[in-house]
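Dock chain one against chain two, each of which comes alone in its own frame, and use the hints as you go.
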Amino acid sequence: MQHESEIRVPLILGNKSYHQITEDIVRPIEGKATKYWYMLFTISIICFCWGIACLSYTIGVGIGAWGNNNGVDWAWDITNFVWWIGIGHAGTLISAVLLLFRQKWRLAINRSAEAMTIFAVMCAAIFVLLHTGRPWLDYWLFPLPNTFGSLWINFNSPLVWDVFAVSTYFSVSLVFWYTGLVPDFAMIRDRAVKPFAKKMYSLLSMGWGGSARHWSRFEELSLVLAGLATPLVFSVHSIVSMDFATAVLPGWHATIFPPYFVAGAVFSGFAMVQTLLLMMRKIYNLENYITKKHIEYMNIVIIITGSIVGVAYLTELFISWYSGVEYEQYAFINRATGPYWWAYACMMTCNVVSPQLFWSKKLRTSLTFTFIMSIIVNIGMWFERFVIIVPTLCRTYLPSTWNMYHPTFVDIGIFTGTIGMFFTFFLLFTRYFPVIAQAELKTIVKSSSEGYRNKAKHNTHH
Amino acid sequence: MATKKYWKGLEELNNNPEFVQKANDEFAEQIPVEEFLGDSNLVTGGTNRRDFLKFLGFSVTAASLAACETPVNKAIPYVVKPEEITPGVANWYASSYYDGNDYASILVKTREGRPIKIEGNELSKITMGGSNARIQASVLSLYDSSRITGPTINGKYSKWKTVDEEINTNLGAIAQKGGAIRILSSTIISPSTLAIIKEFIAKYPTTKHIMYDAVSYSGMAKANAQSFGQEIIPSYYFDKAEVIVSIDSDFLANWLSPIEHAKQYSLLRKVSNQRSEMSKHYQFESNLSLTGANADERIPVKVSEQGKVIVNLYNAIAKASGSATLTSSPLSCDSIIQKVAKELLEKKGKSLVVCGSNDINYQLIVNGINQMLGNYGKTIDIANPNYTHQGNDSAFTDLVAEMDAAKVDAIITYNTNPVYTAPATLKFDKAFSKVPLRISFADRVDETASFANYICPDHHYLESWNDFNPTKTQYSLAQPTISPLFAKPTYQGSRQAQDSLLKWIGNPSDYHSYIQNNWMNSVFAGQTKYTVFTEFWNNSLHDGVAEINTTSSSNSGAVAGQGTTNFADAAQKINAIKGSEFELSLYEKVGIGNGNQANNPWLQELPDPITKITWDNYVTMSPADMKGHYKLMARQDREASLVNVTVNGITVKMPVVPQPGQARGTVGIALGYGRIKAGKLSTQTGVIGTNVYPFTQIINGTLSYTVLDVKIEDAKEHTEIAGTQIHHTLMGREIVKETILEKYKKDPTSGNHSEMVHTNSGLKKAATIDLWDEHEKLGLRWGMTIDLNSCIGCGSCVVSCTAENNVAVVGKQEVIKTREMHWLRIDRYYSSDMSKDIAAEKKEGAISMYLDMENPSALNPKVVFQPIMCQHCNHAPCETVCPVIATSHSSEGLNMMTYNRCVGTKYCANNCPFKVRRFNWFNYNGNSDFAFNPTQDDLGRMVLNPDVVVRSRGVMEKCSMCVQRIQEGKLDAKKSEKPLVDGRIKTACQQSCPTNAIFFGDLNDDNSAISKLRKDDERNYFILEELGIKPTVSYLTKVRNCETTIEEGKEIEETEKVKA
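As they're listed, the protein sequences go chains A and B.
So the mapping is simple: the working numbering equals the position in the first sequence, first residue as 1, plus 1.
So the mapping is simple: the working numbering equals the position in the second sequence, first residue as 1, plus 501.
Chain B on its own, in the form it takes in the complex (with noise of 0.2 angstroms):
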């Protein structure tokens, strides 16, 4: 066969010498190699000026290109995805909070690993889903970079083999030599820890465990051993309470358990078409609390004068039922109480007498007149006691005494802070000085663990297993819901104080186990629910909760003891008091409380619900005592006067505020304030406030928290307060709605009138009058009704709310600027002697009205709370205004802000008629003047919802209703494929309330809750719905069980008369 020759072209059929010559080259053409390589200017000549100015822009130019682009933060999948995480997804487990004061079963968000929410657990039978505003902001509290990341010796980083290895040696050598070891915790409601140092205390026997609190409550347990023969302290069941008589007790806010007494509270509060009745509630107190501030009728009494008020009562209650009165001095207030005495003997065993002092005195007669009002067993149950606060004083005082003698060799310090909270009068610092060996399981170096040896830090609850026994029925589990952040390798890490406890007895369980076994001995046997202990925990760890049985069905017989209590002596006490030209009287605000998280920004910025200011503590005092010697702070000043308050010789400067309704010659100052060494937010801002727990004093063997003698005087100077409210009445305008209830009985509109206009058809509706067309009703329609006859004030709202929506903090120098970010903010209104009738009867002209109306009455307001938030107006004034469209309406109703288009004209802020608008002034992310802030710290950032947004600076901001929520509740509800369950979106504000004022649903829907309570309640109104704004946002008047309202004034002219 003849091979076929197959070509490309003519060119190599031809096959001339040019073409065989141009295939045998590797380019086509001649490359001027030799011309470029023989330029004798690349030898000679170097760069020429044209050459460099090219490459010169050029560099700079790819050089600031290069800048221009944004740093790129990587997110890194999962290379191996553990089983329960999907990323996008929140995993919620049940969990418990207890930090030596609040108690709490909650529920823990945690989004690809990380906590970032907090909610109440609905199961648990306490606190009923409810939570607080500490609680809430506790999840920062566990990204707080000031926490230790590994154990220490003398304030150096060890290792915690060299600490276990030297604190046994040393335990032992103490041991050996029968040296005294004690244990100083705060109060421990776990079974399994207890057990744990029973167990360390049979391993050291001269080992001795004392609790004590900060703020105590052991004066009522100390009474209850005289009453009852046991030392405890009862729970009490507000919701079955028609009639509280509370003396200075703060129970919606601090006392006791707050949570709980909230939501029972809440229930006998709530009026409706069904039920027209309310609890009646009582409050004698000398600074104006939370409590008194939701009081139908308050009192304000001295300090001096709140144990007579109670002797004055039971012998009011005593008179009636013939029982034996007490010596007694007469008080000006004595008419209201024979009142409140009737009212209480009218429903026995249906009432309620609590007081807030840690004096066993005034608590022995209280019991007397609970007992003489057959409480017990009713409203109060000795049988189930709560085991929150077990703190006892003398105890405490007891171990100082013993350690200022040397008779310690070794302390060891858990969740207690005593030289920052103990009274400055028992020294605590310089005993405790004096023990050789100090261990604390704190997880910063606070003021106590700075004196420590060892610092063995525990994990944040968030980290850890533990149990908890609230109340003797109840029981509670907590899980980890993060791996210890600070861990090996990186770090030494923290270790849970009982695993160290437990290594340091030798016991090789971890506490996990150790609860898991202690829970099969003894609370699996006390429960009859389950059969199979496995079954039981996983429900418990599951529920979080669990519940023993009774043993005792019924606890009404617990009354022993009566006859054998000495009435007579502690009245004589009480009377032998003597007052001063200025008491004072210390309290717990609701964000700080005891100051145990004092390094929380969240709580820092959260307005007192009462004064409404932010990071300080300040002199509380009735404005009639400070006229004419402080500033008043009057129209929306914020400077205040400084003054030398002197307590025992030691004298702190502080600000003054004007706070009407302090009884007069009384001043209060909050606790918790004033820490050097809670962290890194004191050394950013400055130490916040001023400690004020060295005027505690120890008497009669308790803690006292009220001083009958201090010195204030004039320092003179002057300082910004940062209030988030400055102007405090409500100007006679009809923001708030209220009424009383015997009118509401009478006509449920009461006080819930709309403003009318002409029309050629008569009287309309203001409101019904319209330039704009309706929104299609489509789909869903969200809308929020707030009912103010709930609402307590507490604040626990604006703590979900920051949390949930990554709200900035700003730091007292913008709040004094007006330029605090919450998106949520509860106004708070306190009556004023002025009125528009008033001025009508005296015959006063419209502008000294108004300017007496700016001054709150003095003596003794009514208050009133308002939670105010983005009303999602349908007619919004803000979506006409802004040029670019960046801020629009929702087919669901929502009034949407887009930040990404947001220009920042502000010009919907001003147009808003609620000022309910956030503008980012600073970039609050990245501006160090924010570095508290917790978008700037790498640990701090890990509290961020990941569904929603962090602002940048520029951009106007505002209440979203929870838009990630009501997303994440309709996929769900897609997925499922059933139609959205009403009630199954709830916002952050509503679900954290503890008194379940907000309510949130549907509006097309007519079944939904809340269409119906729309419909249905005639108390139903829309804030300044004359505008014709069309808010999505209604509220429900307030209604009071007193005998006049706010308007007529007449009962507030009365008291004046009486103090006068």
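Only chain A is shown next, with the shape it has when bound in the complex (with noise of 0.2 angstroms):
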């Protein structure tokens, strides 16, 4: 039980009951889809199958169908990879470490912010298996006995890092997502009137009864996995800015980049959050649910962040100057005044300047204002990557070898196509999964006490 205090706004508006919760979170699955959905699905599905159409092409081909050349061997690919893991962090923080800290206002959102790391861990997975030269021979990355004779994997190699952080984050994700979905699942399965949605929600809900047995180990589980998943959140995105750090090259060789990737990843990550919940709210009435606090509460971690972030760079360029190395002094100033100073200057507006004016209140329980900040923050962080990127692969060491990256229509498509994947599997996901993690959400729910209080109120009146 928690105490809560009278002057805060409750978590849950409109004096929901435990009945009234059910029907909102499983109207869109037993209700028609909306007019909204069929559009966003539309073009989210048209995205993805164009984003195929390219991925097929590059695989035919080779990955010369994309603008990385013999200066700059990773660009758009490696952004995007690193965005969209970026993105995925913050599902894993909102689910693992704000239980942890028993922030209850998670509730509402963690559901839809656990299925978002998924699919944006699947969108990074595309682009970091099909980067490589011959994506066929991929599984040489694990430590597989081979028939090769000794070869084994490098252990120095961050990549190699980078295959067991990402696919550990992974399969900790889904298994911690797929845990919180087993009782909604149940509940839908109860409800549910179709022979075939029923079977498949009987057997997604792997015989759940709801015993207090069951409970206990739910609540488990669920803590033991957010144990393993909290230093996740940390060292996945730490390995992938290892990447970049271990390298020798001015610009990627930076002992401050781990922390400053986690905070950029969160920063990134609450911003897509925003971007989701507040169509979702929109589209599926959930406003009662998703209230104004919870946006607000994530717009404060984006300040934070942001500020964390807006400080790594402000360091970055201090660093550089300090050292007196000539090569580190130039590859900032090369960042700031250099062929690529446009996406310097983006990025440091999208996500150092923007995300100062949520310290105003007005404009951070806006939600329009949310809205448009969180597509600007996600731009900002996908220039961040490709500022660290391609400004520096462009101009390194050797002066003769500078030279400038264009990205082709194939680079374009197969990123649009990923942001169509993700957003069909998030659509898909809204209409056949529970959006809202109902059944922990039910824990926090106070109207029939308050409706006692009321009435007892009431009472001592007459």
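It should be emphasised that the hints constitute simulated quantities derived from the structure, not laboratory data.
Quick caveat, the model's predicted, so the values are computed rather than measured.
A portion of the hints provided could be inaccurate.
[Said to hold, decoys possible] Simulated crosslink set (EDC-like; lysine to aspartate or glutamate; CA at most 20 angstroms straight-line):
#1 B:K1266 with A:E327
#2 B:K1344 with A:E327
#3 B:K820 with B:E847
#4 B:K1265 with B:E1519
#5 A:K17 with A:E7
#6 B:K931 with B:E948
#7 B:K820 with B:E844
#8 B:K1238 with A:E327
#9 B:K1337 with A:E329
#10 A:K105 with A:E221
#11 B:K928 with B:D905
#12 B:K1337 with A:E327
#13 B:K1154 with B:E1082
#14 A:K17 with A:E288
#15 B:K741 with B:E847
#16 B:K1265 with A:E327
Next comes the structure, spelled out in structure tokens:
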């Protein structure tokens, strides 16, 4: 039981009863999809299909279909990979870290944030799997026993660390998400009338009976998984950042990268959660569950992480000057004044300047403004990764190798495709999965107790 | 005796009826035949659904499994193994290359009967083991599927017999009526060919032989005729010239005998502890040539002023030595000319003045200058003329006039392409088509051959016998290194031009025996080394070269006629030259040259050493002239403006690129491009560049490669330029270390200071601080050192590397995407007007300083070349990041690449500080977008080096330091049971270097040349060694024989003031 201050706005508005919550949450699943849903789904699936076409073309002819070149060997592929992985971080942070910190407001958003994590990591995986020259040999990155002789992987390589980090992250996130879904699937199963749906949800709910023993195990498992997932929030992006930090290139070789990448990941992840939830609450009429308070809390996380990112940017600049290393100094002068100055300017505005506007209560509680900002932050974070990768590789040690990078239609197509895939999956998720962890959410419902209290108050008056 | 009964078992012993029955049956058990055949389903049912699905499943699986199998390429062993061929072991043959322009004595490497690599022949006294890019690439021209496979009559394939009969009849008829027959060829230096032509003329007395060179030196020969009474071109000895003054002569890359000159030139450019003197090289020119880029002092002058520079230099020297001066006009660079004159006079007899112009008057006065300086007999050898360029421009114009007047009845063209190369004003094609009988020896239907009635395709030089006489005393032989590619029974085949001529004369001898006879009668007599001809012949053939004794021991006397030369008249004509707003100077590129190998993709993809641009020619213009009018291509911009260039009413549209150092008011365009009928390359990629030969003109009876009045207009269009280097300055980084001679003499380490780091035990060299363990020093450890002072940037090594290592050709579009595959590149940097010192002086901030540094000095930058290949770092950043250990370190210090293991994450390439790694973005060997890649052509594939794997799509590749050569050298040593001799193993780049700038050897051997060099030479440095990567390749500081270094930049400012 949890005590809540009187001055706090309740986390669920509209004085909902348990039954009403159930009804509200299964409505998108049991009811018909709305016009908006169909519109968004059509756009998403078209983008997804175009992405598949571009990917097939890439696999057919080789990654020469992209704009990468012999100076800029990583470009949009790794930019997108890091971007998607970063977005995923918010889900884990919300469900695991906030669980451990007993932040109850997470209950309304954790399910969709976790779904977002899963889909974002899937998008990221596409890039990391297909950015190789011979993707059919990607399995060589795993330490598999083989018949090729004494071949083994190179444990010195950050890419191998990546393989472990990302695959662990994906599997833990998936299990965590699914565990939370089990009681909710059971609820839908119990209500389902169509035989096929009933059968499917029976399978998915794995025989959940809602007994006290089930709940006890459920709670324990959630706690253990939260404990496992928490270090992953920090480790995955730290390791991803080491792809750059362990390199010898000026602009990559920086010890600040791990914390700065993690902050950036949470920053962009929360922005993506905002984008999704603001749309979802509108489409599915979930305004009573995903309240302004939730939005505001998330905006506060955005200010904090945005500021950490901003400090990291400034620290990088300072350290490059302080290092006294010519190449290091030039790498940052180049970011700001080189041919890609516009990308740097865009990154700075979107990530450092614009989140500071959230200091104003009026702005951070404005839904429209939050929605716009959530998009801007993700644009900014995409540019952050772009700035780290492309302008750095365009101008490294030998000026004779300096060049430019231009994306091709395939680069753009695959990126659009992953966005399409992300939204396709997310939209399907909202139609077939309970978008709010209703079983858990019900633990903070106070409608009956308040009802009694109100009744009691009433009685004393009389 | 009772017969013993043996039985197999109790059953037989008992022999019951059951057993008897069974023993008679074929099968132990009843076969259910009846049951099976009696099944009514078989008859009525047919195949049921389950069976159908089973069969379907099986056949689909079987079919797809069968389709999965990789196609098998069969290697067929020799049925009868040729005695001299051992599969896997290369055979080397001495031969010679001469295409009417370049000459080199060469060694041809053949594998299993296929020539795959050309290397310089060190026995030659002319080329001394050197070669250039065009010669290196010539082996690919052999396997050119655009060659025609047999004789043609009016464009249709025919038979040699028919062709010979028809030509004989025609020639006979013409001879009978006394009609004129002409043989038009490029310079022929083959004594035997000349003898055959002589016989031809004897048989058909109305025949005349005219030599015409696309890039002509006729003016020099004519000037020498006036000066010395001999229409010859002398040999030049740059190794004896301590002061070299060149007026627009690109003698290191193209002029006359560039390999020879580069070899000689480099001898006086090398400095060491033993020898700290260098020659001093002045260059006056309009375009920034390769030679100008290597000059100590380069003075950009307008095209119209070049002659005046010569006159003023003549006057300055004449004044000092008390001779008569000529009328002159003042020039802005007069003060420098005075200085040059002074230095020349100090080195009388040890200096050399050369001029690249084909104008007789220019050359006359240059002769006068060298005369006054006493250079004849010392640095210029008239007694040993160079025969490689004998084209006679006036004879050629006479021929065109004759043809135009329909006075020529037959013309035979040999190794010449005048329809493509002749000036537009001559209207050669019109005149040519008036000749009734046109016979060509071209190996393809080129621009000229397409006019021919008969094409009698000549062999490629690697399929031919030949002999050459490049200078008076030097002879060399060419021998076939492969049977003709196109031969019976599949094709009618090509036939050596000389054999065709012999056939038409009616001489039954073949060319091989003809040469032998000819040598027996002439060359053999000129030498005294051998007494028996067969011995002489065999040795000459083995060595590739032969030398005859000079008849006149000294040549200083050959300077008669000096008094008769009318210098005043020449000077007057020069002074009368009027300039204009834009003047054009046409030049040759290192790769394409005069354009005869335009169908060679290796050469098209070789970056121009100066502009670094591939697959195109373009207008070079001073950035100062372009500013405000055309795109300056700054900040790695590949977009160039297109301009309309108009000369004498002919307009062509070309891109214009900024060329720092281009004299203001001048533009340059390369010859040799825009060939429409060079072969299949132009159909695969579109016509490459634009032909500017029509801009050449006949002036004073010689071909002129300059145009004094050219109109340039903005075409208001843009195009992308395929440059391999699009940033041009060093940005103040010490990647290239350089110093000046004066400082070097005082302190050999000048310009070579290492990055130092403060440690608890005092200041230490950054490179000595290490987190890693040193590699064990076992056995061999390979190292390479490159002398930046010797490297002239010619690109010979780049093509050599391409040929040796099967490097893919990727084409213009991929070069635009920075995806060229060259394992070895030559970085070229221009100096900038901004430096750290200047910024400190002017108190400029870092941001504006770096912005200024991005721009090269527009007016007259210093240029430096730096060959870069994999540096084989001992603590390689690429090795630690590869997730699958596809790149690793060998015990011999090499960074190895395992293509099979490579997944293609490209992390190694990102982490390479030198950016030498090359990724296979596409399947260059199968993707039809890259059809021009030699690996995609059945013939072209034959040029591949079987010791080097052809890389597939999706893998990384890079310089292996010719590991196959290292392996071969080690195996040879092992077989002969002797230790490996230092210098036995040479990398491809090292071998082809005409200036011996590359050293390679074992670093563990203290007595190896490279170990000694590194120990003794204070100029030795490693690029970026402060990163702790411990590169294996080192460089030697560049030393300039000039007054200031780039860093000081003051001199540059001065010249700017003068120009302003």
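Hints versus structure:
1. Pair hint K1266 of chain B plus E327 of chain A holds up; C-alpha atoms about 17 angstroms apart against a cutoff of 20 angstroms.
2. Note on K1344 of chain B and E327 of chain A: the hinted pairing holds, with a Cα-Cα distance of about 18 angstroms set against a maximum of 20 angstroms.
3. For the hint linking K820 of chain B to E847 of chain B, the alpha-carbon distance of about 14 angstroms falls within 20 angstroms, and the restraint holds.
4. For a cut-off of 20 angstroms, the pair hint linking K1265 of chain B to E1519 of chain B stands: about 18 angstroms separates their Cα positions.
5. The straight-line distance between the Cα atoms of K17 of chain A and E7 of chain A is roughly 18 angstroms, inside the 20 angstroms bound, and the hint therefore holds.
6. Pair hint K931 of chain B plus E948 of chain B holds up; C-alpha atoms about 13 angstroms apart against a cutoff of 20 angstroms.
7. A distance of roughly 14 angstroms separates the Cα atoms of K820 of chain B and E844 of chain B; the hinted pair therefore holds under the 20 angstroms criterion.
8. Distance restraint check for K1238 of chain B and E327 of chain A: the Cα-Cα separation of roughly 16 angstroms lies within the 20 angstroms cut-off, and the hinted pair is therefore satisfied.
9. Note on K1337 of chain B and E329 of chain A: the hinted pairing holds, with a Cα-Cα distance of about 16 angstroms set against a maximum of 20 angstroms.
10. For a cut-off of 20 angstroms, the pair hint linking K105 of chain A to E221 of chain A stands: about 17 angstroms separates their Cα positions.
11. Restraint check: the Cα-Cα separation between K928 of chain B and D905 of chain B comes to about 9 angstroms, which is no more than 20 angstroms; the hinted pair holds.
12. Between K1337 of chain B and E327 of chain A the alpha-carbon distance is near 11 angstroms, which keeps this suggested pair within the 20 angstroms criterion.
13. A distance of roughly 19 angstroms separates the Cα atoms of K1154 of chain B and E1082 of chain B; the hinted pair therefore holds under the 20 angstroms criterion.
14. Taken as a hint, the K17 of chain A and E288 of chain A pair is honoured in the structure, with Cα atoms around 12 angstroms apart against an allowance of 20 angstroms.
15. With a CA separation close to 14 angstroms, the supplied pair K741 of chain B and E847 of chain B stays within the 20 angstroms bound.
16. With a C-alpha separation of about 18 angstroms, the suggested pair K1265 of chain B and E327 of chain A falls inside the 20 angstroms cut-off, and the hint holds.
Of the numbered hints listed earlier, not one is contradicted by the structure.
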